[in-house]
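Using the hints provided, position chain E relative to the given structure of chain Y.
Single-letter residue listing:
There are 2 protein chains.
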Amino acid sequence: MTFRVAVHVLPRRGILDPQGKAVGDALRTLGFAGVTDVHVGRHLVIDTSADSADAAKAAVKSMCDRLLANPVTEDFVIAGVEAA
Amino acid sequence: MTFRVAVHVLPRRGILDPQGKAVGDALRTLGFAGVTDVHVGRHLVIDTSADSADAAKAAVKSMCDRLLANPVTEDFVIAGVEAA
Numbered sequence: 023m024t025f026r027v028a029v030h031v032l033p034r035r036g037i038l039d040p041q042g043k044a045v046g047d048a049l050r051t052l053g054f055a056g057v058t059d060v061h062v063g064r065h066l067v068i069d070t071s072a073d074s075a076d077a078a079k080a081a082v083k084s085m086c087d088r089l090l091a092n093p094v095t096e097d098f099v100i101a102g103v104e105a106a
Numbered sequence: 023m024t025f026r027v028a029v030h031v032l033p034r035r036g037i038l039d040p041q042g043k044a045v046g047d048a049l050r051t052l053g054f055a056g057v058t059d060v061h062v063g064r065h066l067v068i069d070t071s072a073d074s075a076d077a078a079k080a081a082v083k084s085m086c087d088r089l090l091a092n093p094v095t096e097d098f099v100i101a102g103v104e105a106a
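So the sequence lines, in the order shown, correspond to chains Y and E. Per the numbering used here, the very first residue in the first sequence carries number 23; after that it's consecutive. Per the numbering used here, the very first residue in the second sequence carries number 23; after that it's consecutive.
Pulled out of the complex, with its shape left as it was, chain Y reads as follows (with noise of 0.2 Å):
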């Protein structure tokens, strides 16, 4: 069975995000001057087959571990799992 499963990956809280940074003065500059702090990360949607929900989240923990996330400087949620 396939599952369809999302990821956020965000830099740490309290760890420099030069890019939410640079995307924050941006949209200040264009005018939104209510805007206070942007992170930008990563959202990825992952298409995998697994015996279960659960078989699949697990999976998708092991490649945020081995691959997706830098553990030293990012932190990642898996914000959604469903069949595909």
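Among the hints, erroneous ones may be present.
Pairs involving identical chains hold if they fit within one copy or between any two copies, as the list cannot separate such chains.
Pairs of lysine to aspartate or glutamate, DMTMM-like flavour, derived with a Cα cap of 20 Å [said to hold, decoys possible]:
| no. | residue 1 | residue 2 |
| --- | --- | --- |
| 1 | Lys83 | Asp69 |
| 2 | Lys79 | Glu104 |
| 3 | Lys43 | Asp59 |
| 4 | Lys43 | Asp73 |
| 5 | Lys83 | Asp47 |
These aren't lab readings, by the way, just hints derived from the structure by calculation. Nothing here was measured: the structure is a model prediction, and the numbers come from that model.
For chain E alone, kept in the frame of chain Y given last:
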């Protein structure tokens, strides 16, 4: 009042996603043979002041239209709005 708005920006389905293809190939090389498809986009978390959650959502939609998403190649979804 400050709201924290989460946005997903993803390459439009059907448009070439070389980053997703590269990540999928790398995952299969690592032994995750069940991976059939990967899409890589951006996950943005924007803190903005607004009068209401609806106003914050409308402001972020305007930010996406004007800066954060490429209207030709990308789709965006406002994934969540919460008081920060």
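Going down the list of hints, with the structure as the test:
no.: 1; hint: Lys83 - Asp69; in the structure: within (13 Å within a copy, 28 Å between copies)
no.: 2; hint: Lys79 - Glu104; in the structure: within (10 Å within a copy, 25 Å between copies)
no.: 3; hint: Lys43 - Asp59; in the structure: within (7 Å within a copy, 31 Å between copies)
no.: 4; hint: Lys43 - Asp73; in the structure: neither (42 Å within a copy, 24 Å between copies)
no.: 5; hint: Lys83 - Asp47; in the structure: between (33 Å within a copy, 17 Å between copies)
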